[in-house]
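J.: Sequence:
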Amino acid sequence: MSIQYLYAVILSIFIAGFGISNTSKQSAQIAYADPCNTVLIFDIHGVLFSRKWSATISTFSRLLCNGYIFRNLYRLHQKYPYNFTALRDAIEPVTNLQEPYKKLWNAIKACKEQGIPVYLFTNSRPETHAQLIKTFPELLGLINGTIHVGPHTNPHYSWLYKPHPLYYQQCKHILCAAGHGDKRVIFFDDKAKNAQEGTRQGWDSVHVATSIIHPHVAEESCLHALHARGIQTTPKEQLPNTAFQAR
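Going by the working numbering, the sequence shown opens with residue -9, and the numbers climb by one from there.
By construction, these hints were calculated from the structure, which means they are not laboratory data.
A couple of the hints might just be wrong.
Below, a list of computed lysine-lysine pairs in the DSS-like style, where the Cα atoms sit at most 30 Å apart [said to hold, decoys possible]:
1. Lys93 with Lys181
2. Lys102 with Lys173
3. Lys162 with Lys102
4. Lys93 with Lys226
5. Lys93 with Lys124
6. Lys92 with Lys162
7. Lys92 with Lys183
8. Lys226 with Lys102
9. Lys124 with Lys102
10. Lys124 with Lys92
11. Lys162 with Lys173
12. Lys226 with Lys173
13. Lys173 with Lys183
14. Lys226 with Lys124
15. Lys183 with Lys226
16. Lys181 with Lys92
17. Lys102 with Lys183
18. Lys93 with Lys183
19. Lys93 with Lys162
20. Lys162 with Lys183
21. Lys181 with Lys124
22. Lys173 with Lys92
23. Lys92 with Lys102
24. Lys93 with Lys173
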């Protein structure tokens, strides 16, 4: 064995060890959450659900060919003229082609058993969310409330969406009305700019890691964040498999 090779091995071990200890130090700095004083807020698509890519591509192609997307784009522009994010729901049947993360939804069930409220904070329209409730009623039944774009929150600001600060203020008002105004908010979103705005709003924000090749990275990212904050993620009884089957 050459001396150069031995040096390389020692250096690799040192670097790896340094990285692990640095990660442990960062995790130790995260304050544990008090279940009685905590609210969880999740983005939906890409965080609680993974994309079914093969079905998405085939469905999008079909909708494009039959003109559905263009007709829906015009209809949505008439209804939400300033909400460009809502225009993505012109492909609403594609938006909800999602597969729920089983471990994460069971973790949400465990959080509810501990008395932790769980809310959704999304850029989707009410119609899209209503369709998702019909598709996975048992899962969405675990949620305390949903904040989504639309005139139901404030008719003067129907164009608001993440990461606009006023949209976060709307979310805060809804939490306050529900009696959670003074609680610690742990916010999960797969977009860095959305998570960063949450931090500016005083929330404990988690930028959820995502990967097209390895979709369960998002699920593991959320579970890791919950564990790091001392939140139990194992429910007394697992959700039935039927809860994860689309209606």
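J.: Next step is simple, just say for each hint if it's right about the structure.
T.: Consistency of the hints with the structure:
Pair hint Lys93 plus Lys181 holds up; C-alpha atoms about 21 Å apart against a cutoff of 30 Å. Annotation: proposed proximity of Lys102 to Lys173 holds, straight-line Cα distance about 15 Å (limit 30 Å). About 20 Å separates the Cα atoms of Lys162 and Lys102, which keeps this hinted pair within 30 Å; it holds. About 13 Å separates the Cα atoms of Lys93 and Lys226, which keeps this hinted pair within 30 Å; it holds.
Using a Cα cut-off of 30 Å, the hinted pair Lys93 and Lys124 holds, with the two alpha carbons roughly 21 Å apart. Taken as a hint, the Lys92 and Lys162 pair is honoured in the structure, with Cα atoms around 28 Å apart against an allowance of 30 Å. Proximity of Lys92 to Lys183 is assessed by CA-CA distance (about 27 Å); at most 30 Å being required, the pair is judged to hold. As the CA atoms of Lys226 and Lys102 are separated by approximately 11 Å, the hinted pair is consistent with the 30 Å bound.
Between Lys124 and Lys102 the alpha-carbon distance is near 21 Å, which keeps this suggested pair within the 30 Å criterion. For the suggested pair Lys124 and Lys92, the alpha carbons sit about 18 Å apart, so the restraint of at most 30 Å is met. Of the pairs offered as hints, the one joining Lys162 and Lys173 holds, with about 11 Å between alpha carbons and a cut-off of 30 Å not exceeded. A hinted pair counts as satisfied when its Cα atoms are at most 30 Å apart, and Lys226 with Lys173 qualifies at roughly 25 Å.
Of the pairs offered as hints, the one joining Lys173 and Lys183 holds, with about 23 Å between alpha carbons and a cut-off of 30 Å not exceeded. In summary, the hint linking Lys226 to Lys124 is supported, as the alpha carbons are separated by about 26 Å, within the 30 Å threshold. Taking the CA atoms of Lys183 and Lys226, the gap is about 35 Å. The hint is violated against a cut of 30 Å. Under the criterion of a C-alpha separation no larger than 30 Å, the hint pairing Lys181 with Lys92 is consistent with the structure, at around 22 Å.
Of the pairs offered as hints, the one joining Lys102 and Lys183 holds, with about 28 Å between alpha carbons and a cut-off of 30 Å not exceeded. Restraint check: the Cα-Cα separation between Lys93 and Lys183 comes to about 26 Å, which is no more than 30 Å; the hinted pair holds. The suggested pairing of Lys93 with Lys162 holds, with an alpha-carbon distance near 28 Å, which does not exceed 30 Å. Note on Lys162 and Lys183: the hinted pairing holds, with a Cα-Cα distance of about 18 Å set against a maximum of 30 Å.
With a C-alpha separation of about 26 Å, the suggested pair Lys181 and Lys124 falls inside the 30 Å cut-off, and the hint holds. A threshold of 30 Å between alpha carbons decides the hint, and for Lys173 with Lys92 the separation of about 27 Å falls inside it, so the pair holds. At roughly 15 Å between alpha-carbon atoms, Lys92 and Lys102 fall within 30 Å of each other, so this suggested pair holds. For a cut-off of 30 Å, the pair hint linking Lys93 to Lys173 stands: about 25 Å separates their Cα positions.
Taken one by one, the earlier hints fail for this structure only at number 15.
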